[in-house]
Structure formats: C-alpha cells, structure tokens
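> Residue numbers for the sequence shown follow the UniProt record's numbering, so the first one is 1 and each next one is one higher.
No lab work stands behind these hints: they were computed from the structure. Only true hints are included.
The following label-pair restraints were derived from C-beta to C-beta distances:
hint, residue 1, residue 2, range
1, GLN92, GLU130, 54 to 60 Å
2, GLN96, GLY27, 20 to 26 Å
3, MET99, ASN69, 27 to 33 Å
4, PRO52, ALA91, 20 to 26 Å
5, TYR88, SER18, 33 to 39 Å
Below, a list of computed lysine-lysine pairs in the DSBU-like style, where the Cα atoms sit at most 30 Å apart:
hint, residue 1, residue 2
6, LYS19, LYS116
7, LYS19, LYS98
8, LYS134, LYS116
9, LYS116, LYS98
10, LYS128, LYS116
11, LYS134, LYS124
12, LYS131, LYS116
13, LYS116, LYS127
14, LYS134, LYS123
Quantities reported herein were computed from a predicted structural model and do not represent experimental measurements. Every residue gets a Cβ at the ideal spot worked out from N, C-alpha and C, and that includes glycine.
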Amino acid sequence: MPSKCALDADPMTLETPSKRMQIMASGIAGTKTGSMLLSNEHYHSSNSLVKPVLEHPPLLPQPNWNLLNAIDHAGGDAETEHLQSLGYACAQIEVQDKMLERAYATMMLQDFYLHKLNQALYKKEEKKGEKTDKQKKSFC
Numbered sequence: 001m002p003s004k005c006a007l008d009a010d011p012m013t014l015e016t017p018s019k020r021m022q023i024m025a026s027g028i029a030g031t032k033t034g035s036m037l038l039s040n041e042h043y044h045s046s047n048s049l050v051k052p053v054l055e056h057p058p059l060l061p062q063p064n065w066n067l068l069n070a071i072d073h074a075g076g077d078a079e080t081e082h083l084q085s086l087g088y089a090c091a092q093i094e095v096q097d098k099m100l101e102r103a104y105a106t107m108m109l110q111d112f113y114l115h116k117l118n119q120a121l122y123k124k125e126e127k128k129g130e131k132t133d134k135q136k137k138s139f140c
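Turn these sequences into a full structure, and let the hints guide you.
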C-alpha cells in the first residue's frame with residue numbers, strides 16, 4: 001500500500017481543504033436536504049435541523065499496548081503478536097477517523113441549515129423594518 005505522504009506525489013492529485021469542500025458541496029447538492037440547503041430559495045419553519053450523528057466505537061480487539069515497552073526483539077511468535085496488535089490499533093484508528101468524518105459532515109449540514117435560518121430571519125427583520133419605517137412616515 002503506498003504511503004499518503006510519499007515525496008513523489010503529484011500536487012494536482014493531492015486533497016487540499018478547498019478540493020475537499022468542493023467535493024463535499026457537490027455531494028451535498030445531490031441530496032434532497034443538501035440541495036435545499038445550498039439553494040437560494042426561502043427557508044421555512046417546516047424544514048428541520050439535521051440530527052447529529054452520535055456513535056460509539058464498535059467493539060474491536062484491543063491492541064496490547066504493553067508491547068511498546070518490550071525490549072525483547074526476538075522473531076517468531078513475538079513478531080506475530082506485534083503485527084497482530086499493530087493491526088488492531090490500525091483498525092481502531094480507521095474506525096475513529098470514519099466516525100469523525102461522519103460527525104464533521106453532520107456539523108457542516110447543520111452549519112448550512114443555520115446560515116439558511118439566519119438569511120430567513122434577516123429578510124423577516126428587513127421587511128419588519130420597512131413596515132415600521134412606512135408607519136413612521138405616515139404619522140409625520
């Protein structure tokens with residue numbers, strides 16, 4: 001498996017934050033909720049906030065962290081145990097990364113939703129301000 005931090009990586013294929021945002025926004029726009037959040041249409045109170053993704057990590061085999069302190073570098077069974085423990089640690093890190101990715105995606109949807117609500121509230125306040133200005137002019 002190639003390393004993610006290879007020195008000979010093509011800069012055009014590297015994932016930058018802006019590329020990830022563009023990919024995510026295009027993916028969001030393809031969904032029913034996401035397309036509504038990215039559109040310029042007015043927002044209504046009937047639309048609801050995306051519920052957060054609260055997950056607990058699945059039960060995975062725990063790595064033997066005591067192997068980090070082992071001075072013995074003997075091969076055979078010890079090496080197999082080290083590799084197995086390292087595999088467990090990698091699996092746990094991968095699961096945690098996926099959970100974080102889903103949580104961040106949910107937070108982004110919630111952020112889009114809150115921006116839409118702010119826009120709707122601002123428009124309502126503008127309309128209300130225009131009405132009070134008209135009423136003030138009619139009294140004068």
